[in-house]
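Peer 1: Spelled out, the chains give:
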Amino acid sequence: MSSKILAIDTVTEGCSAALLIGDEVVERFEITPRGHTQRILPMVDELLSEADLTLAELDAIAFDRGPGSFTGLRITAGVVQGLAYGAGLPVIPVSSLAALAFALYRENQNRNILAAIDARMGEVYCGYYRINDRGLPALVGEESVLLPNKIIKQQGPWAGAGSGFESYREELKECLRENLIHIDGNALPHAKDIARLALHEFEQGRVLSSEEAQPVYLRNQVVHQKS
Amino acid sequence: MDVIVLGIESSCDETGVAIYETGVGLLGHTLYSQAEMHAQYGGVVPELASRDHIRRVIPLIDQLLDRVGLSSQQIDGVAYTAGPGLMGALMVGACVGRSLAYGWGVPAVGVHHMEGHLLAPLLEGEIPEFPFIALLVSGGHTQLIRVDGVGRYQLLGESVDDAAGEAFDKTAKLLGLGYPGGPALSELAKQGNPDRFHFPRPMVDRPGLDFSFSGLKTYARNTLQQNSDDPTIGADVARAFEDAVADTLAIKCRRALRESDLRRLVVAGGVSANQRIRARLQEIAEGERGEAFFPRVEFCTDNGAMIAFAGALRLDAGESSGLAIEVSPRWPLSELPAVH
Ligand SMILES: Nc1ncnc2c1ncn2[C@@H]1O[C@H](COP(=O)(O)OP(=O)(O)O)[C@@H](O)[C@H]1O
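Quick note, the sequences are listed as chains X and S, same order. Numbering of the first sequence is given in this note's numbering, commencing with residue -8 and proceeding in unit increments. Numbering of the second sequence is given in this note's numbering, commencing with residue 193 and proceeding in unit increments.
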């Protein structure tokens, strides 16, 4: 029996849902900065009805757990919690940065990727990923939120993916210099990549229960000091 | 056919869930209040509120279903607060609620938070018949409404500045009572001397049914400053303030009953938990040879029960929300459709 996984991602300007059945992935993707809540369930519904499946017939729901926009993260987590609890399915969290790294590897064969998402307030969410021998992104060090010029240098060369490279191209180039070889600043996380990465987790039995579908914000200092 | 509806409230700093069955009543409810977490910041921090809602809501639903002994297959619909309220907080309840309904294969409906408050006195106990005058008094609203049925609301008057609950909270802050200080102020007032100060009753000598409460807070501040050497001043100010709010609300409610020629007064919203205000409003309703109706105290402030109830009425009338998840942080009550 081939695994069936639904994946959801609304954590950046992109809004996407994907249905993986065995080796096949079908995706709906739109850029709708303010329309995520309007579009996400209709996308899921279309995918399921095209595949003639009900939610309960799936094996798991994968989701982008972040980092990303706080509201976007909670739209994903909220929708996934509701769907998974309602249909009695387990969930599988996947990093937005890992999804970006994985996409760049699949498109451009880069095996060392620095993924960076614009975190506003002058900062980026970022993480270094190396593609391992099974073709999966493995985190080097930690994911973090920091000023682009504070990024710790790692032995390169690295390819850059994500909106962080669009918003802070010069700062990141300046900081990484000859360690940076290729940049895709327009890349956004996609549910189809979340689904593929989740499949691996699923096969290893690494799943969580619905209420554990929680965002990873990285930025936890959200209360500004009162004057 | 009776329907069983799960209700979810997450518009501000309370995560509430409840299950209501039409024709039967409330089957159960549970609430988690974040008030303590926000108290250290002197008010609700929206981002922290949202982060907490998303952690609590599914465990609360799960516990409640377990406690009332229902399986998820027995739920016929899901209602969630769709506004007004904090955008991020509303979004959590709406996303979970709408998706849960999809997962269960049942209809969902987005509920107006103030309609929830407004209908809470109809949830249980002695139930008022339509039409009636409703006084909605909460942290964000002070409104007099003529209610001719579910969704048939005519705004008669409202606060031109601070809501009554807001005035309670701001005055409580002046008295050093923390946040939200309404209930604490009311406790302190019990020890106060009612004859020491007389605060103004704002706007009662003007025609109409609007309110103004921001002046009372200023009056309280001045009174405190003029008596800063008196250690027991707080209780007397609290008492004078509370009496002034209670009296002002009572005068306008009586006027609304008379002008509309109605006898039933329904009072709801967080401030209706206040015992002195309840007593004053009871008095004036009886003075008009009418009756006053209040929700049970725990259903005065935000809760899931009122959302399950209002949602059940609307689902039962055939309303439901599509797959697009919509929330409205600002949403006038008058935009709601009538239920016939
Ligand atoms: N016993 C009380 N006396 C006076 N005010 C109260 C009392 N209990 C609650 N409140 C006030 O009610 C408000 C909260 O009510 P709620 O209906 O939750 O309002 P909202 O949803 O508009 O914030 C707060 O302003 C609080 O201080």
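These aren't lab readings, by the way, just hints derived from the structure by calculation. Each residue gets a CB set at the ideal place from its N, CA and C atoms; glycine is no exception. Some hints here could point you the wrong way.
Said to hold, decoys possible - Only part of the chain S face toward chain X is listed, based on derived beta-carbon distances under 10 Å:
{"hint": "1", "residue": "E239"}
{"hint": "2", "residue": "L262"}
{"hint": "3", "residue": "S264"}
{"hint": "4", "residue": "F391"}
{"hint": "5", "residue": "E511"}
{"hint": "6", "residue": "L515"}
What the hints assert, rightly or not - Sample of chain X residues lacking proximity to chain S, with all beta carbon distances greater than 12 Å (derived):
{"hint": "7", "residue": "L32"}
{"hint": "8", "residue": "V35"}
{"hint": "9", "residue": "I52"}
{"hint": "10", "residue": "L74"}
{"hint": "11", "residue": "E134"}
{"hint": "12", "residue": "K141"}
{"hint": "13", "residue": "E161"}
{"hint": "14", "residue": "K164"}
{"hint": "15", "residue": "R197"}
{"hint": "16", "residue": "S200"}
{"hint": "17", "residue": "E203"}
Stated by the list, open to error - Now the stretches of chain X that chain S is said to cover, found in silico as 3 or more residues with beta-carbon under 8 Å:
{"hint": "18", "segment": "66 to 73"}
{"hint": "19", "segment": "182 to 194"}
Peer 1: For a quick check of understanding: which of the numbered hints are violated here, in increasing order?
Peer 2: Of the numbered hints, 2, 4, 5, 7, 8, 9, 10, 16, 17 and 19 do not hold.
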